Amino acid sequence: MQQQYLSQLLLAVVLLPLLSATLLLLVALFSVNLKNLWVATLAVAAIAGSAICVVLIHLQLADTVNFSFSYTYANWLNVGSFSAAFGVYLDGLSLVMISIVSGVGFLIHLYSVGFMAKDQDFQRFFIYLNLFVAAMLVLVLADNLLMLFLGWEGVGLCSYLLIGFWHQKHANSLAANKAFIMTRIGDTAMAIALLLLFIQLGTLDIQLLQQQAVQLWPLQNSQGAVLDSVTVCALLLLAGAVGKSGQLPLQSWLPDAMAGPTPVSALIHAATMVTAGVYLVARFHQLFSLSPLAMQAVATIGAITLIIAATAALVQRDVKRILAYSTISQIGYMFLALGAGAYSAAVFHLMTHAFFKALLFLAAGALIYCMQHQHNIFRMGGLRSKLPLICICFFFGCAALAALPLMSGFFSKELILQKLLDKEMYGFWLVALSGAFITAFYSFRLFFVVFFGSTLQLPDAKPATSMKIALSVLVLLSIFGGIKPSGLAAVFSESELASDHNLAIVLLTIAVPLSAIAVCWFVFKKQLFNRNIKSDKLRGLHNFLYSGWGFDQLYNSLFVRPFIKATDSNKKDFIDSFYTGLSKLSQLSHHYLSTVQNGQLRWYSASLVLFSIAAMTYLLTS
Amino acid sequence: MLMELISILLLGALFAWISESLQLQLPKWIAIATLLSAFYPLRQLLMELDTGSMQVWLVNESIEWIPRFNIRFHLALDGLSLLLVLLTLLMGLIAVLAAWKEISYKPGFFYFNLLCSLAGVIGGFCALDLFLFFVFWEVMLVPMYLLIAVWGYENRRYAAMKFFLFTQAGGLIMLLSICALVLLHYQNSGEITFNYFALMQHQLSDQAAFWVMLGFFIAFVIKLPIVPLHNWLPDAHTEAPTAVSVILAAVLLKTGGYGLLRFVLPLFPEASLEIAPVVMAIAAISIIYGALMAFSQQDLKRLVAYSSVSHMGFVLLGCYAFTAQAWQGAVLQMLAHGVSSAALFALVGAIQYRYHTRDLAQLGGLWQCIPKLSGMLLFFVVASLGMPGLGNFVAEFLVLVGSFSTYPKLTIMAATGLILAAIYSLKIAHQTLFGTLKLQSSIDLDRREVLMMLSMVLLLLWLGLHPQPIIDLAQQSINQLLVGARL
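Respectively, the protein sequence lines represent chains A and B.
Residue numbers for the first sequence follow the working numbering, beginning at 1 and rising by one.
Residue numbers for the second sequence follow the working numbering, beginning at 1 and rising by one.
You may find that some hints are simply not true.
[Stated by the list, open to error] One-sided excerpt, in silico: chain B residues whose CB lies under 10 Å from chain A: (1) 193; (2) 197; (3) 199; (4) 234; (5) 295; (6) 385; (7) 411.
[Said to hold, decoys possible] Straight-line alpha carbon distances no greater than 35 Å define the calculated DSBU-like cross-link-like pairs of lysine-lysine that follow: (8) B:372 / A:169; (9) A:526 / A:386; (10) A:571 / B:409.
Please keep in mind that the hints were generated in silico from the structure rather than gathered at the bench.
All values derive from a computational prediction rather than experimental measurement.
We put the beta carbon where it would ideally sit given N, CA and C, even for glycine.
Chain A on its own, in the form it takes in the complex (with noise of 0.2 Å):
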């Protein structure tokens, strides 16, 4: 009874969307107008309607400690020993997930009512962005890896399709391709992971293949890590990981997918699809943690990441761009704590980043909305009293951010801090540690910039209501969401026992960013920010850092313009010319052949006098 009940209520958590907007969509081709407000409320209704669902499947399973539930709806194919089916797995880590999608998925949708209102492609914006919750639902529900590629393939779209939304502008465009394909080399990736476990394994069920795993594939230790199947099958999951999650070396895509409207930004760069790749390795933790190798590697480029993104977010000056790096940087911790075995620390954190950056992205956008599309923070300035509501949602969203104690991302990030300590990787910790000093300083240098000092532009509009409610709720939920999902230890059989806490270190993590954050408002006060710089060392610095380390030049060069240099250098395809040259020669001996017939008696019996003493010496010499 119970089983069939979750398995309706899985299903209308996926089709909601999905209906919607495929109604949305077909209204649109047949060229029925539907006002706005009707498209708002069929988009908004199917997100809450999902959101309903979700709240209901909590309440169903709120007695349940331990629980998983997997249930097939239909075939999908089946070919021999291949198959694959629409099924569903819900266990603490999918309802976590799930939890995140429908609800800021739907507290995004309300907002961007508001932001979107003036749109002249309203319609257009959310049948992608109910699309996209469908997709994403699949992602993190598919109980097999081919369903879960389905879902993984249809947020990239969404995605691509948002970031270009705004599609008279070429650039946006170019935006769109980058972040696409530099997925789709991730996905490939992850594509061939998924030949070689099938091949290897014989399924493609996710739970079952990892029971085969860990019975096939003893684990070894770190010392012999050797390039086994086990580890290749992890680091190909995690090539796709990584590039959904804009990680290194795939990351540069991210910043440039902020062309797209604020919402887009907030919900699938900052929320929800970049996390997929946390998620994945998650999913896959018992294969993960078989290979020391692939979780050296996830950690090790959690860490690299980290700092990479986070001193690029130093010296930003487009509010949304600060923000994105600032998101490369937190999943980085999300990947740090993966890679050392904390996966529900790093669930855990992916959670109140979503809260939090959300949040900020949400504000950032209500903030551009009501400064006639202005990006730039050093163009603002003294906004405290003009803006009160985005004011303070940005402080709470930074100090979440800055893990300020109390606030939710305090939580989360204590936890992985804690966790690296444990494991004894002082090295990592170390890393992550200074990573919360720039993670605070750069965030209070865009709170104290564009909030104190002096005005410089006046704000000439209002957020409308509907953004406002959102804004409030996300508020509540960055200051308060730091409670850890009590199914999440389970899915991962860690031990729900705190480890002891050592008072100093919790003092140090409280202390390091309180310490950023006074570095920073003595640094803003002396209006050290946005000078023009004079060493020549410091600028070329600055521009390394404001180019997030030179990887699209670096992209650039070696693969970009090669690649069309290559192609276009064979533009007219040099195999025709095998062809043509053979109709140019049978051209030419038509040519000189006919030249021979040429009516004259004496060329007649010239050649045949010729041939004859030529076939007769032949004749007679062999």
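Fit chain B to the known structure of chain A by using the hints.
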């Protein structure tokens, strides 16, 4: 029922031609009616499909034709043939709809040729007498030549001639192989026959099998086409009128894949298995080379044509991996690519009709004035880059799954084609749909075009989300292949 089917098409073709003298609008209506009524002989078969138990051969018809050489008019239908016949009829409808407004010069003769070539293709998909197969092979070729040479664009003569020479060269090599095969069989058994089953029983010596097989193989991979025998395709596509491009991409190329599955693999299983590693390498190269060439093109039609080369590489890859998954993938790829490339060519044709150019440099920002057409184009671009949920992905994925265990390296090479497919496909969207608007025209898709496109959207979704009925239908034919290859 298959003879009825082919006669309906040929009769319809004649009527269309004659009706031209009465009224210029008449031929296209006759063509539509002909294609619709062509489903009539198949009605019983289609009704019984879900219920009845499946045999290999659903229909088998054979009458005497040239008794002296024991040549029979032998038509038969199994799951594979049925799928391709249905594809041919459906895409024939799409082609007629695509030609609706475009063809005004001698429409009767145009539809005559179109229907004749479709009849040839369907005959080819059903013929089980090798001589008959060859006849149909030629029947589809000549009308196609005329279609390109008469109704094509600027450089049509050259393109038509190139198309004709390539295909004819392949056809002659195949004829040679057919004759050799029949003669070898005659020497062995004292009986002249062109019968498929009789020839399949016959054991050739290894060397003879290799050479005879090669003749068939070359003919079919020219049609497919495969690098380095692909050069007729970009020219033919670029110069052909829209409807002909649709037929060419959707149906004609599939005769190559069909030929491999129907003739080369069952008639010469050992020889095929022997050359499989080489063919797999060629297929992988074809996928990558086609994709790279597609990216460098400036002409939209040429770009799509080269993408066909890349996609058909997956068919070849699937054919020679010798696993059930890969063969199913190859069949699905033929169907999915048939639909998606037909749609792409129809849309490119629609753009050309409105803007009189296919040059990517001159197009741009189309979404701003014709959003429906743009949305559709985007959908099929996304389909062609292998989006899960659409037919092309399922097909390509099955091919890769089937090939991976035996040829891991080549499969990984082929998989990079997925990245390249994204690169050239997004180039189409980027250059035509987005950015600043360069040419003005505000005629969006009309009802006819929307319905035509929507039907193809649904087909691709069906292939991508619920391919099982098709897989089941093709399963019997693939089992035969497995038995033949003794796997």
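Hint by hint, here is what the structure shows:
no.: 1; hint: 193; result: violated (34 Å)
no.: 2; hint: 197; result: violated (26 Å)
no.: 3; hint: 199; result: violated (28 Å)
no.: 4; hint: 234; result: holds (7 Å)
no.: 5; hint: 295; result: holds (5 Å)
no.: 6; hint: 385; result: holds (8 Å)
no.: 7; hint: 411; result: holds (7 Å)
no.: 8; hint: B:372 / A:169; result: holds (19 Å)
no.: 9; hint: A:526 / A:386; result: holds (24 Å)
no.: 10; hint: A:571 / B:409; result: holds (28 Å)
Violation of the numbered hints given earlier is confined to hints 1, 2, 3; the remaining hints are satisfied by the structure.
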